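S.K.: Take a look at the letters that make up each chain.
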Amino acid sequence: MTDTTMLWTAVYIVMLAAFTGYVVISRVPAILHTPLMSGSNFIHGIVLVGAMVALGLATTPLEQAIGFVAVILGAANVTGGYVVTERILQMFDRSGKKPGKEA
Amino acid sequence: MTDLSWLIDPVYIVTVFFFIIGMQRMSHPLTARSGIVWAGAAMLIATLATFFTPGLTNLALIAIAIVIGGGFGYLAAKRVAMTDMPQMIALYNGMGGGAAAGISAVALLGTTHAATGSLAVIGGLIGAISFTGSIIAFMKLQGWMRPRPITFPGQQVINMAVLVLAIISGILVIVQPAWLPLSISVYLPLFFVLSLGFGLLMTLPIGGADMPVVISMYNAFTGLAVALDGFSFATPNYAMVVAGIIVGAAGTLLTLNMAKAMNRSITNVFFGAFGATEENVEIQGSMKSIETDDVAVLLAYANTVVVAPGYGMAVAQAQQKVKELTDLLESKNVQVKFAIHPVAGRMPGHMNVLLAEAGVSYDHLFDRDEINPEFPSTDVVLVIGANDVVNPAAHRQGSPLFGMPILDVDQAKNVIVLKRGQGKGFSGIENDLFYRDNTRMLYGDAQESVGKLVQAVKKF
Numbered sequence: 001m002t003d004t005t006m007l008w009t010a011v012y013i014v015m016l017a018a019f020t021g022y023v024v025i026s027r028v029p030a031i032l033h034t035p036l037m038s039g040s041n042f043i044h045g046i047v048l049v050g051a052m053v054a055l056g057l058a059t060t061p062l063e064q065a066i067g068f069v070a071v072i073l074g075a076a077n078v079t080g081g082y083v084v085t086e087r088i089l090q091m092f093d094r095s096g097k098k099p100g101k102e103a
Numbered sequence: 104m105t106d107l108s109w110l111i112d113p114v115y116i117v118t119v120f121f122f123i124i125g126m127q128r129m130s131h132p133l134t135a136r137s138g139i140v141w142a143g144a145a146m147l148i149a150t151l152a153t154f155f156t157p158g159l160t161n162l163a164l165i166a167i168a169i170v171i172g173g174g175f176g177y178l179a180a181k182r183v184a185m186t187d188m189p190q191m192i193a194l195y196n197g198m199g200g201g202a203a204a205g206i207s208a209v210a211l212l213g214t215t216h217a218a219t220g221s222l223a224v225i226g227g228l229i230g231a232i233s234f235t236g237s238i239i240a241f242m243k244l245q246g247w248m249r250p251r252p253i254t255f256p257g258q259q260v261i262n263m264a265v266l267v268l269a270i271i272s273g274i275l276v277i278v279q280p281a282w283l284p285l286s287i288s289v290y291l292p293l294f295f296v297l298s299l300g301f302g303l304l305m306t307l308p309i310g311g312a313d314m315p316v317v318i319s320m321y322n323a324f325t326g327l328a329v330a331l332d333g334f335s336f337a338t339p340n341y342a343m344v345v346a347g348i349i350v351g352a353a354g355t356l357l358t359l360n361m362a363k364a365m366n367r368s369i370t371n372v373f374f375g376a377f378g379a380t381e382e383n384v385e386i387q388g389s390m391k392s393i394e395t396d397d398v399a400v401l402l403a404y405a406n407t408v409v410v411a412p413g414y415g416m417a418v419a420q421a422q423q424k425v426k427e428l429t430d431l432l433e434s435k436n437v438q439v440k441f442a443i444h445p446v447a448g449r450m451p452g453h454m455n456v457l458l459a460e461a462g463v464s465y466d467h468l469f470d471r472d473e474i475n476p477e478f479p480s481t482d483v484v485l486v487i488g489a490n491d492v493v494n495p496a497a498h499r500q501g502s503p504l505f506g507m508p509i510l511d512v513d514q515a516k517n518v519i520v521l522k523r524g525q526g527k528g529f530s531g532i533e534n535d536l537f538y539r540d541n542t543r544m545l546y547g548d549a550q551e552s553v554g555k556l557v558q559a560v561k562k563f
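One line per chain: the protein sequences are Y and H, in this order.
This note's numbering puts the first residue of the first sequence at 1, with every later residue one more than the last.
This note's numbering puts the first residue of the second sequence at 104, with every later residue one more than the last.
Hints listed in this document are in silico derivations from the structure and should not be mistaken for laboratory results.
Incorrect hints may appear among the rest.
[What the hints assert, rightly or not] Simulated restraints on C-beta separations: (1) P476(H) x R27(Y): 23 to 31 Å; (2) V170(H) x L62(Y): 16 to 24 Å; (3) F19(Y) x F563(H): 52 to 60 Å; (4) A65(Y) x A281(H): 42 to 50 Å.
On a predicted model such as this, the values are computed, not experimentally measured, just so you know.
Beta carbons are placed, not taken as given, at the ideal position from N, Cα and C, and that holds for glycine.
Only chain Y is shown next, with the shape it has when bound in the complex (with noise of 0.2 Å):
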């Protein structure tokens, strides 16, 4: 593919996405405002696998350093962002558990 085939595909791609994003959200009850900005908190967390690759490619120990930050970072972003989300929702659940036993 060319450049501004590329290029073009890209925008298809971040309008759909953005669109996706914004229809997801716009009919959320306030009461699940916190969960789902914890949850999306959470989805950015794939940030983690960009880290990966940065780290996995890096040739020059600088950008070993840089790399192996990045990785650290993202896999708190991940592991801290999913607990956080899955303790708010535990608190929605409704199926008798006694609450209080978490935490």
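Using the hints, position chain H against chain Y.
M.R.: Frame of chain Y; chain H shown alone:
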């Protein structure tokens, strides 16, 4: 190792699909819990598939870094109290931003391609701002820093100058003009120092009351930075692009919704230094305190009681006791409702989460528009650790709070304010409500006060 790199693209597509399903499920109360599981599964397969990237080296380093970062994130998130969740979101969001900035840095050290390089520069700028900005937000909410706005003369000018210089150095990283004697080894560090500095400077003047909006905005920022970084590789990483853009769009909308609920515009949040200036209005009347037993009498003989909780309830961990009190009053045929202001606490939905944790059912919770018409016919309102969201100053022109939608608790026959001391709310603005004739103050730790109330009400 057999070449399994063909797996990466199909796995990434499934990942993105699962992310969307997960977000969709997270936006409905009944399916919300399964949403994060979908997203989590997606993240797991994406991470595993990435190990098959052609030419990937430093595998041991990658694994070690994942264990360190992942372990820290997991343990910290498990150990922290529910009340501290908002700042944890800020912290992890900042880390995501930092990771994005790091990816940009590595990309810019290697690439000379103008188009992808430019995207990496923009991603790096936004990621770095999100990184330091979120860390400041975390420190303010965690109490490691004073939550009040930090202002100094010429602040806006200095901030703008730092941003402009960051952008210029970012352009220099890409262009590297021959007529300048310096090289990328100067421009790149300079670019990141300035970007990180701008995130810090831009967050300092923002007061604690506006932090939810700020965290939400930095969340959208990180999403955008991740998406831009997705283009910085030789072959674009579309999982990062799509997931990042979705978060960026959803986060922006969420930020605007939150700001609207607080009647604050985004420009106001960032340039208003809310609560920094004191308003010089003489408030009529005085604060009148009340004893536990007197409150118990009021409650026990009331027909309708409305509880208006705020951050103070979260800090004191009083939600269990509040639930006990609710049950007790209902057994005495007192109707109890909860008035939930959309931004009570540190985040939208903060109160719902805590009350749900304590076992208060949804049908007891009412939002502002539902409950406001009922206050004039309410016998007793218990304000538990809420301040700004019940401040009638919001109806007075000239008040910094003017126009913010509030719970009109001052309309009720009796207002009991449970409060630790005589301090001001997070906005730093004096609360007219405390001086009203129908208001009484019950001082003390909210958990203790409500506990005593339960004992006192039992006597009737």
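S.K.: Now, for every hint given, state plainly whether the structure supports it.
M.R.: Hint check results:
A beta carbon spacing of about 24 Å between P476(H) and R27(Y) agrees with the range 23 to 31 Å that was offered as a hint. Distance hint check for V170(H) and L62(Y): the Cβ-Cβ separation is about 23 Å, which falls inside the suggested range of 16 to 24 Å. Checked against the hint of 52 to 60 Å, the pair F19(Y) and F563(H) passes, with Cβ atoms roughly 58 Å apart. Separation of A65(Y) from A281(H) is about 30 Å and departs from the stated range, judged on CB atoms against 42 to 50 Å.
Violated hint for the displayed structure: number 4, the only one.
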